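Trainee: Here is how the chains run, residue by residue.
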Amino acid sequence: MAELHLPWMELSVLIPVAGALIVARIRTAATARLTCLAVCGLTFVCAVGEWLDFASLKTFEAHDHGNLLDWLFQREFFIIDELNAPLLPLVALLCLLTALSTLRTKVQRFYFDFLLITEAILIATLSCRDPWALIVLLAAAPVPVWLELRARGRCPRVFLIHMGLCVLLMVLGQTLAQMGSLLAGGALLSIAALLRSGVVPLHCWMTDLFEKATFGTALLFVAPMTGAYAVMRLVFPIAPDWALQSIAIISLITAVYAGGMALVQHEARRFFCYLFLSHASLVLVGLELATPIGLTGALYVWLSIGLSLAGFGLALRCVESRTGRISLDQFHGLYEHMPTLASLFLLSGLASIGFPGTVGFIGAELLVEGAVGVYPVVGLAVVIAAALNGIAILKVYFRIFTGRPRPSTFPLHARIPEQIAVLVLAALVIGGGLHPQWGVHSRYHAAVELLRQRGRALVESQVHPLSPPRDREP
Amino acid sequence: MTLDSWFFVLGVSVVASPAVLLTVCGLTAIAPWRLSERGIARCTEAAVLTGLFAAMAILTLMLLTGRRYIPIELGNWVTLPQQQFHFEWKFVFDRLSVPFAILSFVLCGTVGAFTSRYLHREPGYNRFFVLYAVFLLGMIVSSLSGTIETLFFGWELVGLSSALLVAYFHERQNPVRNGLHVWAIYRIADAAFLIAALALHHLTGAGDFADLMGRGPWPEGRAAISESHAVFVGMLLLIAAAGKSALVPFSGWLPRAMEGPTPSSAIFYGALSVHLGAFLLLRVSPLLEVSAVLGVAVITLGLASAIFGTLAARVQTDIKSALAFASLTQVGIIVAEIGFGFRYLALIHIIGHACLRTLQLLRAPMLLQDYNTLENAIGQRLTHTTTAWSRVMPENVRCWIYRVAMERGYLDEILHHFVVRPFLAVFRWCDAKERRWTDLLSGGDSRESDSVKPHVTSLEEFV
Chain A
34 MAELHLPWME
44 LSVLIPVAGA
54 LIVARIRTAA
64 TARLTCLAVC
74 GLTFVCAVGE
84 WLDFASLKTF
94 EAHDHGNLLD
104 WLFQREFFII
114 DELNAPLLPL
124 VALLCLLTAL
134 STLRTKVQRF
144 YFDFLLITEA
154 ILIATLSCRD
164 PWALIVLLAA
174 APVPVWLELR
184 ARGRCPRVFL
194 IHMGLCVLLM
204 VLGQTLAQMG
214 SLLAGGALLS
224 IAALLRSGVV
234 PLHCWMTDLF
244 EKATFGTALL
254 FVAPMTGAYA
264 VMRLVFPIAP
274 DWALQSIAII
284 SLITAVYAGG
294 MALVQHEARR
304 FFCYLFLSHA
314 SLVLVGLELA
324 TPIGLTGALY
334 VWLSIGLSLA
344 GFGLALRCVE
354 SRTGRISLDQ
364 FHGLYEHMPT
374 LASLFLLSGL
384 ASIGFPGTVG
394 FIGAELLVEG
404 AVGVYPVVGL
414 AVVIAAALNG
424 IAILKVYFRI
434 FTGRPRPSTF
444 PLHARIPEQI
454 AVLVLAALVI
464 GGGLHPQWGV
474 HSRYHAAVEL
484 LRQRGRALVE
494 SQVHPLSPPR
504 DREP
Chain B
91 MTLDSWFFVL
101 GVSVVASPAV
111 LLTVCGLTAI
121 APWRLSERGI
131 ARCTEAAVLT
141 GLFAAMAILT
151 LMLLTGRRYI
161 PIELGNWVTL
171 PQQQFHFEWK
181 FVFDRLSVPF
191 AILSFVLCGT
201 VGAFTSRYLH
211 REPGYNRFFV
221 LYAVFLLGMI
231 VSSLSGTIET
241 LFFGWELVGL
251 SSALLVAYFH
261 ERQNPVRNGL
271 HVWAIYRIAD
281 AAFLIAALAL
291 HHLTGAGDFA
301 DLMGRGPWPE
311 GRAAISESHA
321 VFVGMLLLIA
331 AAGKSALVPF
341 SGWLPRAMEG
351 PTPSSAIFYG
361 ALSVHLGAFL
371 LLRVSPLLEV
381 SAVLGVAVIT
391 LGLASAIFGT
401 LAARVQTDIK
411 SALAFASLTQ
421 VGIIVAEIGF
431 GFRYLALIHI
441 IGHACLRTLQ
451 LLRAPMLLQD
461 YNTLENAIGQ
471 RLTHTTTAWS
481 RVMPENVRCW
491 IYRVAMERGY
501 LDEILHHFVV
511 RPFLAVFRWC
521 DAKERRWTDL
531 LSGGDSRESD
541 SVKPHVTSLE
551 EFV
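Those protein sequence lines, which keep their order, are chains A and B. Position 384, counted from 1, in the first sequence is what the working numbering calls 417; the numbers after and before it change by one each time, with no gaps. Position 158, counted from 1, in the second sequence is what the working numbering calls 248; the numbers after and before it change by one each time, with no gaps.
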């Protein structure tokens, strides 16, 4: 296997860990914010370096240079391939922009050390291909969230019950899969991954999280879609087609259900949660189609949603940090106060539903094409979900930004760091929309390779049913 | 330069001019420095005139050379050759697209010039022109599209700009609610369009109109598709057209769209946007010929819309609503003409109607003065003569028709009562069940969002 020129992956994980230790010891909130920003920036540089380095190798997969952890544990933990290569900079960017767009007035209430720990866990999770290490990391990710909920005095029971069940199912599933019972193991792993992805009816933890945690924490916990990543690493290689397609149907139901639920919400965070859920379910639909076109669409939409809904969420968070929790039962008239945020809100919302000229357009086209190709009638639900989401987005835009302008004696416009975050995301959303060929080609290559690996693994599992496919890979 | 090179340069200019306008208006909207009103007006003039002259030059060259079909291929935007997935930028200049593009430029140019004075010193002047540029680009891309995907691209741009322009006066709630209503109908139409496009892709393996509707220049193509498939795809396209052109049962959005500023009402809902559905049917008219059922459905929908429009127009109490329903009457007749196969007649009807309606809507704010001038000129009040219908028809029937027309056919109420309300009720029920479930798991009240106050008077109170 090819090797990166520098230990980018370990650096991307260790820098935020070190940063978290430093930030935890800093008493001044403003200094903690600045340190966090520097650490996030450095991590982002490493993540981008890793992506560029990998792209220069022109291979499907590569392992990190040096491999301190691999050497210590004698296992190959961090492997970069075409699936996770763009996800790592995306996560690093999300963390950086979340820290950047945190207002100074809110720094006292935001946990920057937890953010850095979350970033380290997320990057490690998305770099990891070893099943047990992945399960451990997926089990570790809720810990900072739980600590934050506890520190904020909120009841974490709903979140913990679901996450605990998810970890239990993953451990049982992986154990069974390793013992050769691929069907039962795969089923438990699928349920665990679906639970983590918030598929109906196992989604209530997500709305509860958005209710109780800070917006930034909730956003970072769900936006990288680690549940979908778990599906790709744990379930996709071993599940037969019929099982994947059953998951796709459940995800499709979730997409439509969440789209409908987004329309009846009275509060902006809950609305965002359902909107995200609907889109994340569409990604799962594409992933489980197991066809080149559907998988390409899903992988592309994964990135486009990561960007667009992160932008949408950050815009919402910026508004919320000025006005408090946003009721959707009235018109707030905030356009005159914050036109830039309003523009980003609309732009990123439209990008998430695949509006022409934005990053989501081609991904959505591919996804719908793939879904209709496999299920000519049921696949149309993707279009219905997109239509519902589109209506919900404009409805909320109107509720927040239109209406009689509210009087304010202090300026509410976007601050410079927020404007930077807004412009970066807007540039990515529009740039990706105007020139999608490179991204689509890269995702198609990844999809074909993943399908090839899956085919090989399935054949091997039929020849040697008692040993799991992953262990036999050279 | 060869003739083909000229066609290429001119064709690109037609499409690029609104795209450049959108870039300029969009960038200046978010940049720290703003373009002045005069600057925006000049840019708009330049873009519209460039596009218009290029389109007219192409028309002249087509007439001189006798060529009826000029494809301009800008290459693949996205392609996956192994999967036969192509998104090609292909624009077509033919007897349908060139008149429609010229009409779009002429009317948009007129309205742009009118608006630069009408909205002078309005706070949303820049916003209007950003949306105007989106609309113009959408119209040009739609009318010149050579593939169904390109048409969808433009179709969506037109939909978004229309909805946001209805909500232009966004400090008032009614325009905003109406904008959302328009957007919701458009999303349904877009969904139907997308499904139809995908179905056509799967059935014919192509997204190019030349392959979908036969190789002959418009209107002489023949669609290579079975009757049953044509009915399925055609019905979806008919829903898409009905949503975009406000045909029955989606007519409710048309008078609501008049909440926008007069220039946008004139150009978008009275003249161009409302004809886009008819344009779609004209573009896929070879498909309609395959099935008699489809043709009958188109005619029925057109006539129903025309009858509804003419009844509703007669009882409106404000001029913009009356003109909106009068537009619907004509659009219904145009759709019926398409169903009957009179394609050139429909095209000419669209052009004539769009120009007349733009003029009427732009003059709408001066209606009372016009009446006054007229009455002064003839020296007496204008008289209203009773129609033959009113003498023949029993009074209770007339009252009933009046009531139905006054209530706009109860179309909005029917949609709301039988579609929207049950749909929302189901999801509200689900929301209540979710609340009980999370309350149970939490062992208490789980929703902090319930305490969010819906009514506040100032932002200080929020903070």
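Because the hints were derived from the structure by calculation, they are not lab data. Since we're looking at a predicted model, the values are computed, not measured. Where hints are given, some of them may not hold.
[Said to hold, decoys possible] Computed footprint of chain B on chain A, listed as stretches where at least three residues anywhere in the stretch have a Cβ under 8 Å from a Cβ of chain B:
#1 201 to 213
#2 219 to 226
#3 233 to 244
#4 307 to 314
#5 381 to 389
#6 396 to 408
[Said to hold, decoys possible] Have a look at the derived ranges for each label pair, beta carbon to beta carbon:
#7 B:161 / A:464: 26 to 34 Å
#8 B:500 / A:464: 56 to 64 Å
#9 A:216 / B:172: 30 to 38 Å
#10 A:54 / B:509: 36 to 44 Å
#11 B:520 / A:88: 21 to 29 Å
C-beta: ideal position from N, C-alpha, C; glycine also.
Trainee: Next step is simple, just say for each hint if it's right about the structure.
Mentor: Going down the list of hints, with the structure as the test:
1. Residues of the stretch 201 to 213 of chain A lying with their CB closer than 8 Å to a CB of chain B number 0, which falls below the three-residue condition for coverage.
2. For the stretch 219 to 226 of chain A, the stated coverage by chain B is violated: 0 residues have a C-beta nearer than 8 Å to a C-beta of that chain, whereas at least 3 were required.
3. Remark: the stretch 233 to 244 of chain A is confirmed as covered by chain B, as 4 of its residues place a Cβ nearer than 8 Å to a Cβ of that chain, reaching the required three.
4. Counting residues of the stretch 307 to 314 of chain A whose C-beta sits closer than 8 Å to any C-beta of chain B gives 0, which falls short of three, so the coverage hint is violated.
5. Evaluation of the coverage hint for the stretch 381 to 389 of chain A: fulfilled, as 3 residues show C-beta separations to chain B shorter than 8 Å, against a requirement of three.
6. Note: the stretch 396 to 408 of chain A has 6 residues with beta-carbon separation from chain B under 8 Å; the three-residue rule is met and the coverage holds.
7. Range check, residue 161 of chain B to residue 464 of chain A: Cβ separation about 28 Å, and the 26 to 34 Å hint holds.
8. Checking the proposed 56 to 64 Å range against residue 500 of chain B and residue 464 of chain A shows it is violated: the Cβ atoms sit about 48 Å from each other.
9. Roughly 32 Å separates the CB atoms of residue 216 of chain A and residue 172 of chain B, a value that falls within the hinted 30 to 38 Å.
10. Between residue 54 of chain A and residue 509 of chain B the Cβ separation comes to about 57 Å, which falls outside the hinted range of 36 to 44 Å.
11. With their beta carbons about 45 Å apart, residue 520 of chain B and residue 88 of chain A fall outside the hinted range of 21 to 29 Å.
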